[in-house]
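Engineer: Top to bottom, those sequences are chains R and Z.
Quick note: the first sequence uses my numbering, first residue 1140, plus one each step.
Quick note: the second sequence uses my numbering, first residue 97, plus one each step.
Bear in mind the hints are in silico, worked out from the structure with no lab data behind them.
It cannot be assumed that every hint is accurate.
Claimed, not checked - Capping the alpha-carbon separation at 27 Å, the derived lysine-lysine pairs in DSSO-like fashion look like this: (1) 1177/R to 1241/R; (2) 1177/R to 297/Z; (3) 1241/R to 1171/R; (4) 1177/R to 374/Z; (5) 1186/R to 1171/R; (6) 1186/R to 1241/R.
Predicted, not measured: the structure shown is a model, and the values here were computed from it.
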Amino acid sequence: MTLNEIFDMTWIPILAFALSFCAGVHMLIIGKRPPYLKNKDDNRPLKNEAMYAKTGGRLLIYFALGAAVMCGLLFFNLWMALAEIVAVFLTFSVRWREMEEKYGPIG
Amino acid sequence: MEKTTTKKMQDFLINYGVIIIMFILVIYTGITHHNFLTIGNFNNILLNMSSRLVIALGIAGCVITAGCDLSAGRIIGLGGCIAGTLLQKIDYSGKFYEGMPPMNIFVALLIVMGVCGACGAISGFFIAYLSVPPFIATLAMMEIVYGGNLIYTNATPLGGYVDYYTAVSTGRFIGINYQIWIAVIVAIVTWFIFNMTRHGKYMYAIGGNPQAAEVAGVPVRMTFIIIYAKAAAMYGLAGFMLGARAGGASVNLGLGYEMEAIAACTIGGVSVTGGRGKVSSAVIGVAVFELMKAALQYLGVDANAQWIAIGVIIFIAISLDIRKYVVKK
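Bound conformation, chain R alone:
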């Protein structure tokens, strides 16, 4: 397999990994909700901003790692790759929702 063929197959999970990993690390570093993850006029205070940022950052990194694993699985079994990313996204979404309820905006 040439480098071009490898990149053709994996550029989407690589992109997903890069975007979500950067967003996750950004959240962990700044310790608050970044503007690109909230509605523009939503200035409601969070119940616990520090925990929101910590949990959110970790969840985004988890999603990024899921994308990276999908990248590898694409070379072995497409069904496994698809099942893996679906499972990762489902768990990510449920945990994100829980985080929003526990530490998210008041009101």
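Position chain Z against the provided structure of chain R, taking the given hints into account.
Structural biologist: Quick look at chain Z alone, frame taken from chain R:
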């Protein structure tokens, strides 16, 4: 505070600068290349515009609610591939479903739009009910659709289409290509939805302020699902049109089209910050974008450098749009 004429002029130039520059480029190309401003070339540009307008009208709904849809390109590919597998000639050697006669074109289109719409509805569900940010939800859907399409097609390109499918791209009605008619009809229907229906009002309300919209009784969650489902169905239609035009499809059909569509919407006046945008904005934006690409081709700009030009335009258009919002704030 009353704006002076100079300030108004300044604001106009900054806000519409991208469109002005592009028109200057088009006029310059028309003057220096005698066959640029011809009916044949105009027809070609309209044909290129038709599928991109359908995509832009779909994505406009997401952008109006201050969201985005990174999965558009992949859903276009999925739509093109599903249409391709259902509309192959029965005697084609590489037929996907061996022995299956080619389907009725309208039934195939309904299946394409239904499947793609379902993908959009799933994205909308995660955004609305699980509060996943749109860029993450659609990023995940992009991967899922890509993986699903790879499995469905086994990563093999499709071809051998029936004549009545490729006729969608070559056929004409009253001298106008069918694809242009499809784009016009979609634009009219979208205009009606945006301006004459409750759903359209809800969209703008959510884009303006989702919390206020919810308090006012707008069914925010269901509206989000409908917006993303509708958008995805339109991407499926665009994939159907692109497949007919190309005479073939692969998983890479529609690659990168979502960024062009978002840029076209922004150039035309749909705000990425939400709450603002019309069908005419998408039409103007797509027209300007396609004219610019055609002009760059005629000017002999290297095909690879055109990507840079498109990227720069996207960058400037979105920066100017955000500037408008910051100034207003």
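Engineer: Of the hints stated earlier, which fail here?
Structural biologist: none
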